Amino acid sequence: MMATNSNVPAMEPGIFGPRRRGDRGSRAPRLVEAQELWDIDDVASYLGVTKQTIYSWRTTGYGPAGFRVGKHLRWRAATVINWTVRLEENQ
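If you're matching positions, the sequence shown starts at 1 in full-length UniProt numbering and goes up one per residue.
Note that these hints are calculated values from the structure, not bench results. It is possible that part of the hints are untrue.
Quick list of the computed label-pair ranges, beta carbon to beta carbon [said to hold, decoys possible]: (1) Gly61 / Leu31: 28 to 36 Å; (2) Tyr55 / Ala34: 19 to 27 Å; (3) Arg30 / Thr59: 28 to 36 Å; (4) Asn90 / Gly70: 30 to 38 Å; (5) Ala78 / Arg58: 15 to 23 Å.
Keep in mind that this is a model prediction, so the values were computed, not measured. No residue lacks a Cβ here, since even glycine has one placed at the ideal position from N, Cα and C.
Work out the full structure, taking the sequences as your base and the hints as a guide.
Listed below in structure tokens is the structure:
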């Protein structure tokens, strides 16, 4: 039987995302799944802007495309990350 290291996640290296609300003491970035849903706090944290900026961008059609789940705004992590990559490529 092969020995495994239980401290190593079983996933491949991924993309780093915003720290979650319960991670305030942790300074290390966390890996995110591409299909993970982010709320406005996550998006604002990742982009380094305020929630109000995200709301303003939505009213003008700028920013990563989000969608509603009931009354809540959500973004796919991959959508937000790809949006920033496209911004960088256009510089």
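Hints, verified against the model:
Look at Gly61 against Leu31: about 31 Å separates their beta carbons, and that is inside 28 to 36 Å. The hint said 19 to 27 Å for the Cβ distance between Tyr55 and Ala34, and at roughly 25 Å that hint holds. Arg30 and Thr59 have their C-beta atoms about 30 Å apart, which keeps the hinted 28 to 36 Å range intact. Between Asn90 and Gly70 the beta carbon distance is about 34 Å. The supplied range of 30 to 38 Å therefore holds.
At roughly 18 Å, the beta carbons of Ala78 and Arg58 sit within the given window of 15 to 23 Å.
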